[in-house]
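Please take these sequences and the hints and turn them into a complete structure.
Chains A and B, in that order, are what the protein sequence lines are.
Those letters in the first sequence? Residues 1 to 192, by the numbering used here.
Those letters in the second sequence? Residues 193 to 602, by the numbering used here.
In case anyone wonders, no lab produced these hints; they're calculated from the structure.
Derived BS3-like pairs: lysine-lysine, alpha-carbon spacing no greater than 25 angstroms straight-line:
no., chain 1, residue 1, chain 2, residue 2
1, A, K66, B, K400
2, B, K527, A, K66
3, B, K375, B, K407
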Amino acid sequence: MAFQDSAIPEDWELDRPGRTPEEREELDYLFSLTYEELRRLASTVRRGDRSITLNTTALVNEAWLKLAKFPRFTSESPLHFKRIAARAMRQLLVEAARRRNAGKRGEGAISISLSEAASEIGTSDRKLLALDSALGELAELSPRQATMVEARFFAGMNMTEAASLLNVSEATMQRDWRAARAWLGNRLRDSP
Amino acid sequence: MDSERWERVQELFHEAAERSPDARRGFLEQACGGDTSLLHDVLALLDEDASIDSFLDGDIGEIAVHMLAESAAALPNEQQFGPYRIERVLGEGGMGVVYLASREDLGTQVAIKLLRDAWMSPARRERFMLERRTLAQLNHPFIARLYDADTLPDGTPWFAMEYVEGVPVTEYCRVHASAIAEKLRLFRAVCEAVQYAHSHAISHRDLKPSNILVKDDSSATLLDFGIARQLDTEGASLDQTRTGLRLMTPAYAAPEQIRGEPASIQTDVYSLGVILYELLTGRLPFDPAGHSSGELERMILEREPSKPSSLDGIGALSRTSWGDLDVLCLTAMRKEPARRYRSVEALIRDLDHYVNGEPLEARPDSIRYRTGKFVRRHARAVIAAAAVLITVVSLTVFFTVRLLLRETPP
Numbered sequence: 001m002a003f004q005d006s007a008i009p010e011d012w013e014l015d016r017p018g019r020t021p022e023e024r025e026e027l028d029y030l031f032s033l034t035y036e037e038l039r040r041l042a043s044t045v046r047r048g049d050r051s052i053t054l055n056t057t058a059l060v061n062e063a064w065l066k067l068a069k070f071p072r073f074t075s076e077s078p079l080h081f082k083r084i085a086a087r088a089m090r091q092l093l094v095e096a097a098r099r100r101n102a103g104k105r106g107e108g109a110i111s112i113s114l115s116e117a118a119s120e121i122g123t124s125d126r127k128l129l130a131l132d133s134a135l136g137e138l139a140e141l142s143p144r145q146a147t148m149v150e151a152r153f154f155a156g157m158n159m160t161e162a163a164s165l166l167n168v169s170e171a172t173m174q175r176d177w178r179a180a181r182a183w184l185g186n187r188l189r190d191s192p
Numbered sequence: 193m194d195s196e197r198w199e200r201v202q203e204l205f206h207e208a209a210e211r212s213p214d215a216r217r218g219f220l221e222q223a224c225g226g227d228t229s230l231l232h233d234v235l236a237l238l239d240e241d242a243s244i245d246s247f248l249d250g251d252i253g254e255i256a257v258h259m260l261a262e263s264a265a266a267l268p269n270e271q272q273f274g275p276y277r278i279e280r281v282l283g284e285g286g287m288g289v290v291y292l293a294s295r296e297d298l299g300t301q302v303a304i305k306l307l308r309d310a311w312m313s314p315a316r317r318e319r320f321m322l323e324r325r326t327l328a329q330l331n332h333p334f335i336a337r338l339y340d341a342d343t344l345p346d347g348t349p350w351f352a353m354e355y356v357e358g359v360p361v362t363e364y365c366r367v368h369a370s371a372i373a374e375k376l377r378l379f380r381a382v383c384e385a386v387q388y389a390h391s392h393a394i395s396h397r398d399l400k401p402s403n404i405l406v407k408d409d410s411s412a413t414l415l416d417f418g419i420a421r422q423l424d425t426e427g428a429s430l431d432q433t434r435t436g437l438r439l440m441t442p443a444y445a446a447p448e449q450i451r452g453e454p455a456s457i458q459t460d461v462y463s464l465g466v467i468l469y470e471l472l473t474g475r476l477p478f479d480p481a482g483h484s485s486g487e488l489e490r491m492i493l494e495r496e497p498s499k500p501s502s503l504d505g506i507g508a509l510s511r512t513s514w515g516d517l518d519v520l521c522l523t524a525m526r527k528e529p530a531r532r533y534r535s536v537e538a539l540i541r542d543l544d545h546y547v548n549g550e551p552l553e554a555r556p557d558s559i560r561y562r563t564g565k566f567v568r569r570h571a572r573a574v575i576a577a578a579a580v581l582i583t584v585v586s587l588t589v590f591f592t593v594r595l596l597l598r599e600t601p602p
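What follows is the structure, given as structure tokens:
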């Protein structure tokens, strides 16, 4: 997977040529904090400390509310943050799925307590891994579409936001989405 | 497929989709002009476009929450860390997980901390390594010691440190119904540990009761230097830009941390003030209960905490004593870092002054306060001195009067 070679998010905006090592480090830093915040939120929700709706948009918004006031983030726009969050979420979920899959194949069996959502997770594991590799292919064909799908699916970004992030019209975004959704959906159906 | 072809596929897909379902095939066959693989690709897209059960339409929020929380609770694939074998999870934070592990040959237990998902980003690895280096520098009876450090075959860094089998200091005091003197003793130990770290140019920045464990033998140990920072010679953090970026427990965070400004040794002084406040009164100066984190942060930034002595149900002490404890807590907790105790050492000095019944350095001078303190501290001497004074004065008056009476002719 492309993202394993480089831990730094690499859409064309974040990863434009000529980015300085400092900027890359900065990005990596924002990325790791976003990751930690998502983790923290997830455990909070699981412990039932409070009730927040479990949809992606709410999760990412919650993380943004928390992070927005820190100086490193105040220079970031909420959209840019969601872009980073989307990548963090994708890596997290895909890596978790990959590890679980490896565990199931008996490579050093790990004791994971199976929850009520276990079977649901089993299915989504395979889907996520398939989506991840399909997105990698899409990124080769059309980086803009891959970014849009990532932001939408992994950070709950809506069309208006995505259009504004990628600097295209909403109509273009709708077309991009429709085609990308069909293409990816088709790839996922073919996968085991 | 390449980008150009994908463009073409999409074009045809959109054009076909605008037509009625019956007209699509005819249109495409003509448009593809015998390129059956192109035709096939576009038709597959159209099929998928009509489906309503695409994985892409789902929301991964719930799954994400399960996954994120699930993997945290699991034991690592690798259960042997050097000579140590993992037994169970002790706790987890944003960066790492802490396990209880034992070393069979020596029969000892240690706490092992590892960086979770080390592959994630270089920045996280760097911070984890910094914590290891920080702990390695610190060698103090009240600070959990670093024993060993290494990296697993898969690249996950870990370290073994002293396992402290204790409870958070606040819980310890509650369970044991500790007297104020005992609370102050424990608090002083914590201050000593923090002062020691400061003397090694390290600020802790995440002081809170859950990082201060008290064992059955009533000794206190300071843990978790996970966001500690190297200080410059002025006592300000060298790593100014990254202050407070980890989302710390806001209840113990200093205003400058909430604002994301540079931390300094005064930041630790503030958190110590909050801990002292909580130890003495059994509650937090700014109670998070029933407030959103935003409200809590505003309170920390804007509101003055109530004096500990003004709260109900606090221990029985004289008014002056409570007055001094108020000053101790509230001086440490001033909003402006420059107005707090200049160092943890200064805080310890005033603690000792309090315990010895001497005037606090932080207390605004008033003759009554200083006299009161002096009299209470030296009650016996003052009474003796007063007695001598009264005797001298009485004798002087007595002899003067006698002299006058004798010299005046009747």
